[in-house]
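**Student:** Once you've looked at the hints, dock chain B against the given chain H.
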Amino acid sequence: MKKYNLNHLRELESESIYIMREVAAQFENPALLFSGGKDSIVMVHLAVKAFWPAKIPFPLVHIDTGHNFKETLKFRDDLVKETGARLIVGSVQETIDSGKVTEETGFDASRNLLQTQTLLDTIEKYKIDAALGGGRRDEEKARAKERFFSHRDEFGQWDPKNQRPELWNLFNGRKRMGEHFRVFPLSNWTEMDVWQYIYLDNIKIPSLYFTHERKVFLRDGAWLADAPFMKKRDSEKVVLKRVRCRTIGDITNTGVTLSTADTLEDIIQEIAATRVTERGSRADDKRSDTAMEDRKKEGYF
Amino acid sequence: MDTKKEFSTKAYLDMELLRFSTAGSVDDGKSTLIGRLLYDSKSIFEDQLEAVKRASIRKGNENLDLALLTDGLRAEREQGITIDVAYRYFATPKRKFIIADTPGHVQYTRNMVTGASTANAAIILIDARNGVTEQTYRHSYISSLLQIPHIIVCVNKMDLMNYDEEVYERIQEEFSAFAAKLAIKDIRYVPISALKGDNVVEPSKNMPWYEGGTLRYILENIHVGSDYNHIDPRFPVQYVIRPQSDKFHDYRGYAGRVAGGVFRKGDKVMVLPSGFKTSIEAIDLYKDNLNEAYPPMSVTLRLTDDLDISRGDMIVKENNVPQISQDIDVMMCWMGEKPMKAGAKFHLKHTTKDVRCMIKEIKYKVDVNTLNRVDDGQELKMNEIAKVSIRTTKPLFFDSYRRNRNTGSLIVIDEGTNNTVGVGMIA
Numbered sequence: 001m002k003k004y005n006l007n008h009l010r011e012l013e014s015e016s017i018y019i020m021r022e023v024a025a026q027f028e029n030p031a032l033l034f035s036g037g038k039d040s041i042v043m044v045h046l047a048v049k050a051f052w053p054a055k056i057p058f059p060l061v062h063i064d065t066g067h068n069f070k071e072t073l074k075f076r077d078d079l080v081k082e083t084g085a086r087l088i089v090g091s092v093q094e095t096i097d098s099g100k101v102t103e104e105t106g107f108d109a110s111r112n113l114l115q116t117q118t119l120l121d122t123i124e125k126y127k128i129d130a131a132l133g134g135g136r137r138d139e140e141k142a143r144a145k146e147r148f149f150s151h152r153d154e155f156g157q158w159d160p161k162n163q164r165p166e167l168w169n170l171f172n173g174r175k176r177m178g179e180h181f182r183v184f185p186l187s188n189w190t191e192m193d194v195w196q197y198i199y200l201d202n203i204k205i206p207s208l209y210f211t212h213e214r215k216v217f218l219r220d221g222a223w224l225a226d227a228p229f230m231k232k233r234d235s236e237k238v239v240l241k242r243v244r245c246r247t248i249g250d251i252t253n254t255g256v257t258l259s260t261a262d263t264l265e266d267i268i269q270e271i272a273a274t275r276v277t278e279r280g281s282r283a284d285d286k287r288s289d290t291a292m293e294d295r296k297k298e299g300y301f
Numbered sequence: 001m002d003t004k005k006e007f008s009t010k011a012y013l014d015m016e017l018l019r020f021s022t023a024g025s026v027d028d029g030k031s032t033l034i035g036r037l038l039y040d041s042k043s044i045f046e047d048q049l050e051a052v053k054r055a056s057i058r059k060g061n062e063n064l065d066l067a068l069l070t071d072g073l074r075a076e077r078e079q080g081i082t083i084d085v086a087y088r089y090f091a092t093p094k095r096k097f098i099i100a101d102t103p104g105h106v107q108y109t110r111n112m113v114t115g116a117s118t119a120n121a122a123i124i125l126i127d128a129r130n131g132v133t134e135q136t137y138r139h140s141y142i143s144s145l146l147q148i149p150h151i152i153v154c155v156n157k158m159d160l161m162n163y164d165e166e167v168y169e170r171i172q173e174e175f176s177a178f179a180a181k182l183a184i185k186d187i188r189y190v191p192i193s194a195l196k197g198d199n200v201v202e203p204s205k206n207m208p209w210y211e212g213g214t215l216r217y218i219l220e221n222i223h224v225g226s227d228y229n230h231i232d233p234r235f236p237v238q239y240v241i242r243p244q245s246d247k248f249h250d251y252r253g254y255a256g257r258v259a260g261g262v263f264r265k266g267d268k269v270m271v272l273p274s275g276f277k278t279s280i281e282a283i284d285l286y287k288d289n290l291n292e293a294y295p296p297m298s299v300t301l302r303l304t305d306d307l308d309i310s311r312g313d314m315i316v317k318e319n320n321v322p323q324i325s326q327d328i329d330v331m332m333c334w335m336g337e338k339p340m341k342a343g344a345k346f347h348l349k350h351t352t353k354d355v356r357c358m359i360k361e362i363k364y365k366v367d368v369n370t371l372n373r374v375d376d377g378q379e380l381k382m383n384e385i386a387k388v389s390i391r392t393t394k395p396l397f398f399d400s401y402r403r404n405r406n407t408g409s410l411i412v413i414d415e416g417t418n419n420t421v422g423v424g425m426i427a
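Protein chains in written order, with this note's numbering: chain H, 1 to 301; chain B, 1 to 427.
If you are wondering where the hints come from, they were derived from the structure by calculation, not from laboratory data.
Any given hint could turn out to be false.
[What the hints assert, rightly or not] So, partial list: chain H residues that the calculated Cβ filter (under 10 Å) puts toward chain B: (1) Arg10; (2) Glu13; (3) Gln26; (4) Asn29; (5) Phe51; (6) His151; (7) Gln163; (8) Trp168; (9) Leu218.
[Stated by the list, open to error] Restricting the straight-line Cα-Cα distance to at most 30 Å, the calculated cross-link-like pairs of lysine-lysine (DSS-like) are: (10) H:Lys81 - B:Lys59; (11) H:Lys297 - B:Lys59; (12) B:Lys53 - H:Lys161; (13) H:Lys161 - H:Lys127.
Glycine residues also receive a C-beta, built at the ideal position from the N, C-alpha and C atoms.
Here chain H stands alone, though its shape is the one from the complex (with noise of 0.2 Å):
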């Protein structure tokens, strides 16, 4: 008899694409939130297939902290173009100059805690009811108990307590006025399936990925990349040295690693044996022990 198996790659993208066409059934105004970051690069090309030959049913919202690498919004717009995709941005500068929240300061001072506000407001401005978000279980252990379909009350905030039960592939979102969802298509990926893929699709990404030298310092333990506004100890020293980032976000907290990677296939064999999570350089979540849930309570990402 046939064998009708997928490998688990295909599984996986079916059941992501089933999510972002029941995000697009049962929503009026989905969007999906852009980051620059593989995974969300992932989602692009994973909404891509999911519509084709129609374009995709939903704008990209890029909540910018004003401290990118610069590739990433050269990226970001190159990635626009081409899907000929709507693009949504929300300034956490303009938050900041709106009185809304305050920046912190001093060495640590980072602008991930002050996104929450802009995103929340620009989910509130265009009348967001779906933001499709590429978070995973693995990432992180408060993630590891989040729903695809996850309900988010009028003020954004998540109640991890009293979460919908989510069973099957039978989503419910269902909601009242003013309420939203926040919905992760990726879920059951984990870092080395994201890196698979990209490798057997041929998804594009961004040369951060690979090695480049860079001006770095060394912050606990943690290579940060240096920019005009990173303020330094006088203990730490700029050096230049071939790192790449594995994971990309806001320059502030993305650690960047020693490595000489310069293919996917390099990538690959480094993430197999790594032993460290990739979340494991980003200073945003060492702040507490369930610093991630704090935030997605909020409505962080």
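**Tutor:** Coordinates of chain B only, in the frame set by chain H:
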């Protein structure tokens, strides 16, 4: 580097996915078992282990508390209990695994049912010192109710029973006698010690009398290809794709995930509820034209004729039609805080269809600890399971859950709170 030898991209791309659930309380050694599976497959990273060590010391635990790996929420860590289903991931060179780890104490039925709904296999842990208990019955019954195709019974803590073959055999006999009452297709038994590592990943030197495979070997080799229904073609239409662009002016595709059977290009098909007959012109997956599609593939079907088809319709084969009815009997597990009463109305989701329904009758309840029927048909409380008759506002196209989990499952939603309050398996 050594790792280059042990890791091959090609092998990884060929892996299958196995979803399994585990149920039980901390006392059964469940966290230890999961910790060992993850640790031995190098799926726990140094920074995660460091964080668990720090938290264990802070809590004053002498040993590394592996439960802290899975208990992610603040309330769980503070109270030392597991509240919600947690999903864990690991891969061996043969397969990728998704564990739905369901807690044993709080709201066990609700969580177990949730974790079991997508599982290919269930691990049932039995403490060798206690043998088969009420909790074992409960886990097994729910696993069979949710039609998990493979059950792996792990008789744990064999080290505390001197690795005695008789203890293992007595438990195996006891479980088999009970399991005969349940509809379980495939049961395996393994004597293990999660703590010492016997028969989890490495074969046990302490139990030479056991000739079967280790737990990991079983997980890697269970045949999952036949877990989907490949007999009855069912394609619930999820979304209609109409680009209306110059290049694809007349394109009209029906997007969805194959819920059963195999669809081939050229197949004669019928559309429900209209009953229109047509044939499959093409099966699209992005720019690829496929010859066939089967579960769980997400594809887009194009049909030869221009018909009025929308979300909630179902494409089937003329000679293999699902049941079509507004009156449906289901095994319902209640998850809402407010009890359900006969006469109540709800919103209902089944495949891609949304309807309303009324509960006509609660026929009988099942005591999940004894499997006895209880004729207490007044109301169904949270975590209770009952046979229920419902009537829907429009006909559903369905199969029995036993025949097809995709077309045999439904959820009911409270129209006031929008919460998912009940889940049903069609009889």
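**Student:** Decide if the proposed pair is consistent with the structure: H:Lys81 and B:Lys59, CA atoms, cutoff 30 Å inclusive.
**Tutor:** 53 Å, violated
**Student:** Does H:Asn29 meet its interface restraint, that is, does its C-beta lie within less than 10 Å of any C-beta in chain B?
**Tutor:** 16 Å, violated
**Student:** Is it true that the CA of H:Lys297 sits at most 30 Å from the CA of B:Lys59?
**Tutor:** Cα-Cα ~24 Å, so holds.
**Student:** Min Cβ distance, H:Gln26 to chain B: is it shorter than 10 Å?
**Tutor:** Since the shortest Cβ distance to chain B is 9 Å, the answer is holds.
**Student:** A closest beta-carbon separation below 10 Å is what the hint needs, so does H:Glu13 meet it against chain B?
**Tutor:** This hint holds: H:Glu13 lies near chain B, its Cβ roughly 8 Å from the closest one there, short of 10 Å.
**Student:** Would you check the hint for H:Lys161 and H:Lys127, treating anything up to 30 Å between C-alpha atoms as holding?
**Tutor:** 26 Å, holds
**Student:** Is the hint on H:Leu218 kept, meaning its closest Cβ partner in chain B is under 10 Å away?
**Tutor:** Because about 17 Å separates H:Leu218 from the closest Cβ in chain B, which is outside the 10 Å limit, the hint is violated.
**Student:** Please check whether H:Gln163 passes as an interface residue: C-beta within 10 Å of a C-beta belonging to chain B.
**Tutor:** Holds, because the Cβ-Cβ distance from H:Gln163 to chain B comes to roughly 7 Å (cut-off 10 Å).
**Student:** Holds or violated: is the Cβ of H:Phe51 closer than 10 Å to a Cβ in chain B?
**Tutor:** At 6 Å from the nearest chain B Cβ, H:Phe51 passes the 10 Å test, so the hint holds.
**Student:** Does the alpha-carbon distance linking B:Lys53 and H:Lys161 stay inside the 30 Å limit?
**Tutor:** 25 Å, holds
**Student:** Could you check if H:Arg10 really has its C-beta closer than 10 Å to a C-beta on chain B?
**Tutor:** 8 Å, holds
**Student:** Against chain B, is H:Trp168 within 10 Å by beta-carbon distance?
**Tutor:** With Cβ-Cβ at 5 Å, under 10 Å, it holds.
The structure fails to meet hints 4, 9 and 10 from the earlier list, while all remaining hints are met.
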